[in-house]
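Both chains are given apart, each in its own frame, so use the hints to dock them into the complex.
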Amino acid sequence: MKKYLTDSQWFSLMILVVAIIGIWYLAALIMNGNQLINTLERKKQDWTYSQVLQQAYQVKRPMLPAPHQVAMELKKSVFERSISSKRSLVFHSFITLNSTLLGFLLGSILGIVIAIGIVHSKTLDASLMPWVIASQTIPILAIAPIIVVVLGALNITGVVPKAIISMYLSFFPVTIGMVKGLRASDTLHQELMYTYNASALQTFWKLRWYSAQPYLFASLKVAIAAALVGAIVAELPTGAQGGLGARLLSGSYYGQTEQIWAALIMAALLGSLLVWLVGVAERALLKRRGGLANA
Amino acid sequence: MPKSLINLLLLAVLACQLVLLTKAESGFYNQHPAWLLLLIACSAAASCLLTRLTLLCQHLPSKQAVIKPLIPGLFAFMLLLFWQSIVVGYAISPVLLPAPSAIFNALINNLPILWADFKQTYLKAVLAGYFIGCLSGFVVAQWAVKSAFLRRGLVPLGNFMSAIPIVGIAPIMVMWFGFDWQSKAAVIVVMTFFPMFINSLTGLQSCDAIHKDLMHTYAASKTQTFVKSQLPQALPFIFNALKLNATLALIGAIVAEFFGTPIVGMGFRISTEVGRMNMDMVWATIVVAAIAGSLSYGALALLEKSLLFWHPSFRGNK
Chain A
1 MKKYLTDSQW FSLMILVVAI IGIWYLAALI MNGNQLINTL ERKKQDWTYS QVLQQAYQVK
61 RPMLPAPHQV AMELKKSVFE RSISSKRSLV FHSFITLNST LLGFLLGSIL GIVIAIGIVH
121 SKTLDASLMP WVIASQTIPI LAIAPIIVVV LGALNITGVV PKAIISMYLS FFPVTIGMVK
181 GLRASDTLHQ ELMYTYNASA LQTFWKLRWY SAQPYLFASL KVAIAAALVG AIVAELPTGA
241 QGGLGARLLS GSYYGQTEQI WAALIMAALL GSLLVWLVGV AERALLKRRG GLANA
Chain B
296 MPKSLINLLL LAVLACQLVL LTKAESGFYN QHPAWLLLLI ACSAAASCLL TRLTLLCQHL
356 PSKQAVIKPL IPGLFAFMLL LFWQSIVVGY AISPVLLPAP SAIFNALINN LPILWADFKQ
416 TYLKAVLAGY FIGCLSGFVV AQWAVKSAFL RRGLVPLGNF MSAIPIVGIA PIMVMWFGFD
476 WQSKAAVIVV MTFFPMFINS LTGLQSCDAI HKDLMHTYAA SKTQTFVKSQ LPQALPFIFN
536 ALKLNATLAL IGAIVAEFFG TPIVGMGFRI STEVGRMNMD MVWATIVVAA IAGSLSYGAL
596 ALLEKSLLFW HPSFRGNK
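Sequence lines, in order, name chains A and B.
For what it's worth, the numbering used here labels the leading residue of the first sequence as 1, then goes sequentially.
For what it's worth, the numbering used here labels the leading residue of the second sequence as 296, then goes sequentially.
FYI, nobody ran anything at the bench for these hints, they're computed from the structure.
These figures come from a predicted structure and were not determined experimentally.
Careful, some of the hints might be misleading.
With a Cα cut of at most 27 Å, we get these calculated DSSO-like pairs of lysine-lysine [stated by the list, open to error]:
id	chain 1	residue 1	chain 2	residue 2
1	B	Lys-507	B	Lys-441
2	B	Lys-358	A	Lys-122
3	B	Lys-358	B	Lys-600
4	B	Lys-538	A	Lys-180
To be clear about the criterion: a stretch of chain B counts as covered by chain A if any three or more of its residues have a C-beta under 8 Å from a C-beta of chain A, and this derived list gives those stretches [unchecked claim]:
id	stretch
5	365-375
6	449-457
7	468-474
8	552-559
9	581-587
Virtual Cβ for every residue (Gly too), placed ideally from N, Cα, C.
One chain only, chain B, in its complex shape (with noise of 0.2 Å):
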């Protein structure tokens, strides 16, 4: 029991520190610099729940399902109440860093704003850069394995450019390709073509040679051994560069809008709110590149997990 009597305690302690937040006036650590001991219990107990999550998720392995994603969620709840109490206890100027709450107003108070941009730079620019970049990287992967010659001039070709900065592209594919989206996809092409192009070579010359002499006593057509055989075992080179594109290309699409857009766009949002001091604006900005992000990198996953069942890296986890 003192167990979980100590459990109580410690949450007793972060419910003190938010209700702190919520009654007290802003500057409260400037008048009363006592207070600054309950920020540091709090962090304390914090952690300490944090490794008691963790014991717990060890000791109870039927349960973890539940207690795993607890975790990394309590460490995100002690930053941002870190952050607030420190944002409001010493009353820091919004220009220089805006308080999380303020950031959530900004967020819902503009959401046919954000909603506008989001669709501009994601639902425009992004996907159609992305679709074209890894399609066209994999198309030459294919042709590059049947070509030897393809194949030696290409990947020191591909490796170079990974080492180049390819958002430094973005003024030019702006001058080409107007100021609208189709110069971000442009740019986005550009940027995703290589990664896909290098590990969709790798994966398809992985294939064992093996499962290459069994399909050809199958008498398996091209076809069915590129579907049956090849494509399957270069998956998960082909999903490790889609992972790595999802972030390029939101990244790439934000970058080249500050050298020009029409005025809606993520990229132009958070360039002419910094412009105007507007922070909780921009922060409210990349919570949702942030969310657009993780949300397309999570589908990627859960695709990879229900195409690649059978991969050693996923049965190894059950």
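Chain A on its own, in the form it takes in the complex (with noise of 0.2 Å):
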């Protein structure tokens, strides 16, 4: 069959950002515009949609910045401030990153030590299994500033409350994936083991522990994400000094709009680059396991 350029994935989705970035353009001027024609009628100024069409890319503090104005301050506030000032954003999003790998190191093993309970005890799998869903339905953010606060009181400060906040965030995905993956090994396999007369321990190390690991990664992508989240509304309650959290609800007192569309974008990149790199790490995983990497 013939292959046409408009069949491939990339032409479709250079036409959806394209358009996309068209419709920011005119949503910015639409709503700038109304937003300086406010501004200079309130001053009882004369105006002209000439004059209103120039200044809209233009205003102050933009409804909505338009995105070479976010381009130019994600520029200046990565490239040419220096990584330790307060302005760079590199700096924040290294503050940020931080508690994010902490936390989901944290919650990686702190679900996989719970999903290992659940699959190995009955009891615990009747009483635990329950409140581990439950916990999910809680809105755990709203823990956030208390975790800060608590933990500010027992002079524990910086790095390790946000941690524990993308550890709460992150353990669930890689508890139900884990408890799912630790069941799906083969029954076969399973029957195998027990000729075999392996003990558990035996039976997980030898074939549990494979047969979950594709599961394992399905969930680490989903729970480096949610990590990422946590961190960032960590920092939202507590007048963080430094972050990408700190940095949103600064912008927003403010009313710096490119600050936080720079942020947001920053939060973007990161949560993309974490995500991407723990699939670089499954690839890599599953390949030498024989190519598993669709499951």
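Rendered as structure tokens:
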């Protein structure tokens, strides 16, 4: 069959992205234009449409900054400031990244431990599993300020309270995925282990752990995105000094829309980078097992 | 008979701890550390009871419906007892961690305030945002099923969006839609759209080719094919997204209220009461949120069960 350009994924994606940027520019013109007209009328000044058109993309605190304004702000705060400067987004990203990674690590370990307990003990399965699920119907983020304040009163500040919130958000997908994965081993293999009179420990290391790996990585991708959300939200209610969440909050207090958008895009890039890294690790590991990458 | 005697003994240990909690003055572990032994015995008794209940559950399948909810219930009771004992026993400052009883009191005494918060956050923002977000996600997925162009472009975008911390758009939405519930609903719409889109798309595409052919031989119209074949097969995926979104929506509303809100709402209550060190009130709000979240999740699960009684995942459990 003949291959058309229009059939390729990249083509569709590019067209959509271009369309979104176009709509963005148009929306920025309308929203900022209205804002501009309102200010001018309040000052009882005359205005013309061509004048609005010229100034709409140069408003000081726009309702919606145009893409190039956000890009300029991003360039300014990423490349033109030294990394240790408080105005550098790289500086803030590293603060958020620290607590994200620590929380992700703790959450993965906790999730795996709980899953192993649940799979091996009927009592834990019956008593703990319902509460693991129920814990996610609670808006965990609501607890974020409490954890930060309580640990602050115990003189634990900085990265640990934020990491704990990240941990709380990221342990759930790992637990659920691991429980499913540890139970997903082939019945034939399980029976083989049984005929070998293998102990629970042997069955775990030689069989269950391997059947769980594809599930584990699928969960880890969700978990690391959740950990980033946890780290950012944990920075919100406590007036944290640094981090992307703190940038969002201070931008919202002072009406610095460009700062908010830049922080948001930085968070998006960070999030997709982290998920991509987990994906790379997944492919590397599953390739060694003989290409189960699609599992 | 000795078995039931042991059970009675275990229950008696639990009861002793309860009596100690109500009769002793606060800080009793500081004065009489020996009473800590009772707490240890009490946790051992509770876990022993849990094991027995689990075993009983397996041996008496006919009474499972009664026993099964008891097990997580007992587990929660054990945790609450432990929490209350530590907080009261060591006279921990309520600023650090309020006792469950104090949280319960705050809940009962502030019902009107909590109800107003619940109305603002849940009945207005969450319901509106959840409904619009899920519906639009489903409608766009509908289009994407029909158009390969949209599908190829939107699926990678949707996967990309799932890695983004979308709650971050809260300050922007507050700026655009004002302080009231509309801005929170807007955050929820954006948060719930992509999970719904990706899941419905997967579901609508999972339609069996044989079923399609069958509908074709029946000369079914497009609407009939959709309603009778495609939609039912997509429902398990759609319910997946609905359940996921139910918790996302509540989180989105509460976090968005940290960025500015009229003086009512659950997120507002949490952030102000933390500032005033009224931790029992904060926890009471969390309890309300937990109940709301669990109830909506439970309602969705019930609805799923009644609509998807034919699905293997439900038939298999019987």
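Outcome of the hint check:
1. B:Lys-507 with B:Lys-441: holds, 14 Å
2. B:Lys-358 with A:Lys-122: holds, 17 Å
3. B:Lys-358 with B:Lys-600: holds, 21 Å
4. B:Lys-538 with A:Lys-180: It holds: about 19 Å lies between the C-alpha atoms, which stays within 27 Å.
5. 365-375: holds (count 5)
6. 449-457: holds (count 5)
7. 468-474: holds (count 3)
8. 552-559: holds (count 3)
9. 581-587: holds (count 3)
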